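**Q** Take a look at the letters that make up each chain.
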Amino acid sequence: MTDQSIIVDDVTHSYQTIAALSHVSFSVSSGDFLGLLGPNGSGKTTLFRLLSTLLPLQQGRISICGFRLPAQQADVRRCIGVTFQSPALDIRLTVMENLLCHAAIYGLSQTECRKRSSMLLERFQVKGSDKQIVGTLSGGMKRRVELARGFLHNPRVMFLDEPTTGLDLRSRMEFFQILREQQQEGGTTIVMATHLMEEAEQCSQLLLLDQGRVVDGGTPDDLKTSLKGDRIGIRCRDPQEVRDRLVRLIGSEPILAGNELVFRVANAVEVLSEITGALGSEIQSVQISKPSLEDVFLARTGRSLTEQENKA
Amino acid sequence: MSMNHGNTGLLMSASVALAKRELIRFFRQRTRVIGAIGQPVIFWILFGAGLRSSFQSPSWAIGLQRPLTYQEYFFPGIAVLIVLFTAIFSTISIIEDRREGFLQGVLVAPVSRAAIVAGKLLGGTTLALIQAGLFLVIGPLLSAVGLAPDFDPDWTLMRLLSAGLFLTLIAVELTALGFLIAWPMNSTQGFHAIMSILLMPMWLLSGAFFPGEKAGWLSWLIRCNPLTYGVAGLRRLLYAETLPSSPELPSMILCIVVTLGCSLMFFLICVRLTSRPAVSNVV
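Chains as they are written, first to last, in this note's numbering: chain W, 1 to 312; chain C, 313 to 595.
Fair warning: there could be bad hints in the mix.
[Unchecked claim] Simulated restraints on C-beta separations:
#1 W:K131 x C:W467: 39 to 47 Å
#2 C:G573 x W:N40: 44 to 52 Å
#3 W:T12 x C:I450: 56 to 64 Å
#4 W:R114 x C:P496: 51 to 59 Å
#5 C:L446 x W:R180: 49 to 57 Å
#6 C:R340 x W:K290: 52 to 60 Å
#7 C:N498 x W:I7: 32 to 40 Å
#8 C:Q351 x W:L169: 33 to 41 Å
#9 W:K131 x C:P496: 32 to 40 Å
What the hints contain is simulated information worked out from the structure, not anything from laboratory work.
Bear in mind that the values here come from a model prediction, so they are computed numbers and not experimental data.
No residue lacks a Cβ here, since even glycine has one placed at the ideal position from N, Cα and C.
Chain W extracted, bound-state conformation (with noise of 0.2 Å):
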């Protein structure tokens, strides 16, 4: 048997004549937590359409725990388990109904899934919403109930295409918390769309996509490590007066993300009293730290996460 859950090799994709993703290749091995990396446009969600077995394979083979899509398709549905950015709830019927209708969608029998449901329900924080309607509950539990159904059936792989859209911070930690217990507990392979770097942090391995092509994977401590050096970063009125001057003073070049002027430097204190000396006046901020996701993406792609973003 092989050990690896997920296997993605060479699937090119284009909607009319936009191409969304271009040989795009990696592999999942079993009960590993993968995110997907990449901001908006990035071809995440068409990547995740093409895993769940939603949009047609055009180009490049896929296999989901030994079988191939989309030959196989019916087999890949029954392992696979999806939440997606909008959930899928019936926001009028109760949390029990929801449950009940999903398990009988995958052939489970009603005691199969109330036991099952009251197990998940308690696992993920929400035992005694039941019979609540869905359309009342907060944004939080909400996401809970849909992760509940999602796990219902006992997947083998889980996709989540950014599963805390609409969440605060500490809503979306305990989501990351009670999902870890779920991986590590019932031994499913998860994969996860964000574009988000706190999200990208909590898995075990990580793909950086951007444009449709992937541009570095590996674990975020490896991804993070691979940046030699400390990231400084400087702000100032106009970036472009002082680039010259500092790249002299640097002897690197910058990545301009937004107004922040970003250097990879060997010793950051050294050069801070530099500049600081040379430049004090025209600028406004100098930030030292280690390399974050958002540095290695941003010096892969010469883009930040959160720019592309914004012009989305």
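Could you slot chain C onto chain W? The hints should help.
**A** The following block gives chain C in isolation, referenced to the frame of chain W:
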């Protein structure tokens, strides 16, 4: 054998679960209950009262023992209108379901597309029958208490049961038609446009509202309209006397064949549409 049985069982329970959801949704939205039956009943009363004196009996009604009143003539048409409205209301939700995400959740599940379509048809048909059945009771009652013009049908239980059976067939036909219109749409406004320019005229030109005999092209439209055969079949089943056949009032056999044939055809188109994974399914 047992394997086969299991599959059918699964198909049934998924469809039943989806239909059950439709019913729960319907009864939680009170305005929908009023909307689907209220307007047709008001039409029946107002048009019945207004057009009673100017109604010209169709040629097939001339030899009848009991003269045909407009209230009677209009009755099966209103029952079909209720079914049409219910079908529209229950299939327009496909568009909302797609936008809200429910539909995607169903589409990624290992359930046959035929079962998904069947669930919708089962739900829509049940709702249509409940409401049309309600009208069959309310209509004569309203007349009896004087809120609607005179209407005194000569119904037997047998007649009502066969009419109910035929209404089921019409409901399946119209829900499947609504389904295949709603499926490729991405906005409810688009569906409303189709409703105004296709579905309402289809009802108007079905012999439901006026006989439309010897009216040239209009008569031809009526003859080509599949719903004409639904309204005519229901009219025959509800009327006490055996009605003669005419191009605008086809024979019972023809009514059954056309309505059954269209239901089946629409159903198969629906299954085909849903089986094709496409961008339009998800966006």
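**Q** If a hint holds in the structure, say so; if it does not, say that too.
**A** Outcome of the hint check:
{"no.": "1", "hint": "W:K131 x C:W467: 39 to 47 Å", "verdict": "42 Å, holds"}
{"no.": "2", "hint": "C:G573 x W:N40: 44 to 52 Å", "verdict": "48 Å, holds"}
{"no.": "3", "hint": "W:T12 x C:I450: 56 to 64 Å", "verdict": "60 Å, holds"}
{"no.": "4", "hint": "W:R114 x C:P496: 51 to 59 Å", "verdict": "37 Å, violated"}
{"no.": "5", "hint": "C:L446 x W:R180: 49 to 57 Å", "verdict": "53 Å, holds"}
{"no.": "6", "hint": "C:R340 x W:K290: 52 to 60 Å", "verdict": "53 Å, holds"}
{"no.": "7", "hint": "C:N498 x W:I7: 32 to 40 Å", "verdict": "33 Å, holds"}
{"no.": "8", "hint": "C:Q351 x W:L169: 33 to 41 Å", "verdict": "49 Å, violated"}
{"no.": "9", "hint": "W:K131 x C:P496: 32 to 40 Å", "verdict": "37 Å, holds"}
Comparing the model with each earlier hint shows violations of hints 4, 8; every other hint is respected.
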